[in-house]
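Undergrad: Position one of the first sequence corresponds to residue -13 (the numbering used here), numbered consecutively onward.
If you are wondering where the hints come from, they were derived from the structure by calculation, not from laboratory data. A few of these clues could be false.
What the hints assert, rightly or not - Here are the simulated EDC-like pairs of lysine to aspartate or glutamate, each with C-alpha atoms no more than 20 Å apart in a straight line:
{"id": "1", "residue 1": "K181", "residue 2": "E128"}
{"id": "2", "residue 1": "K32", "residue 2": "E2"}
{"id": "3", "residue 1": "K181", "residue 2": "D146"}
{"id": "4", "residue 1": "K174", "residue 2": "E2"}
Said to hold, decoys possible - Between beta-carbon pairs, the in silico distance windows are:
{"id": "5", "residue 1": "K58", "residue 2": "T104", "range": "37 to 47 Å"}
{"id": "6", "residue 1": "E30", "residue 2": "K1", "range": "41 to 51 Å"}
{"id": "7", "residue 1": "L122", "residue 2": "V34", "range": "14 to 24 Å"}
{"id": "8", "residue 1": "R199", "residue 2": "N123", "range": "19 to 29 Å"}
Ideal Cβ positions, reconstructed from N, Cα and C, are used throughout, including at glycine.
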Amino acid sequence: MVNFYPTQVSDFCSKETMIMIHLYRQLRKQYPHVSHKWWPTSGEFKPVQLEIVIGALLTQNTNWKNVEKALKNLIDSNMLSADAVANCHTSKLQRIIRPAGFYRQKSKRLGALCEFITNYGGNFYKDVTREQLLELNGIGRETADSILLYACNKPYFVIDAYTRRLLKREEIITGKEKYDEIKEMFEKKLPKNAKVYKHFHALIVENEKSMARRA
DNA sequence: GGCCAGGCACAGC
DNA sequence: GCTGTGCATGGC
């Protein structure tokens, strides 16, 4: 169980902190089946985290079901390591990831990302920084944070369309805030804990999806 | 058939 | 800095 007692005196009277933790508790109660182990992996890739990195890139502006098709194509083509993907011909990679859409852009970006992982001095999953990821073509803030949180298990909160929608509806944000502004809001008001960030994000996504289903 | 889905880069202002 | 636009497929 995570300790939610304020760690700083200044946290004690922060209304925003109370709202944020209340929201987290409410969602946990509402979706008890949702856990921090939310990002789906087949276990086919080496290492397992590579599948999360690839998925994070492929899911950009794309339905997850289409990403799954592309991931299955990679598995069926035995493209299970960063090295294999990095050395795959662009035209072949395009064919493989085609169901995920934007295949011309994404094949180029995916190849470059896998090349970066392959050539990374040290352990990519342990050592890569947000700045290094943001320098890569096609890796923006959300994708970088998804990789850092879900693949690297580091406390970086992911702000996606679901998160913005929920926060706006709850009137916690106006909608005009920048990505990093919202991200810092979460990170300042919650314990710096990757498991909590994953769980909270998973709960937000589940809530938005279930609301969409009901609509 | 139109709209959207777990964004990003880049141009133009 | 902000806004618009291209990228592309599949599901509803």
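Undergrad: With reference to the structure, classify each hint as holding or not holding.
TA: Hints and how they fare:
Restraint check for K181 and E128: satisfied, since their Cα atoms lie roughly 18 Å apart, inside the 20 Å limit. A hinted pair counts as satisfied when its Cα atoms are at most 20 Å apart, and K32 with E2 does not qualify at roughly 41 Å. Distance hint between K181 and D146 is fulfilled; the C-alpha atoms sit about 18 Å from each other, no more than 20 Å. Of the pairs offered as hints, the one joining K174 and E2 holds, with about 10 Å between alpha carbons and a cut-off of 20 Å not exceeded.
The given range of 37 to 47 Å is broken by K58 and T104, whose C-beta atoms sit roughly 23 Å from each other. Evaluation of the 41 to 51 Å hint for E30 and K1 yields a pass: the beta carbon distance comes to about 46 Å. The hinted range of 14 to 24 Å is satisfied by L122 and V34, whose Cβ atoms lie roughly 21 Å apart. Our hint of 19 to 29 Å for R199 and N123 is violated, since their Cβ atoms are close to 35 Å apart.
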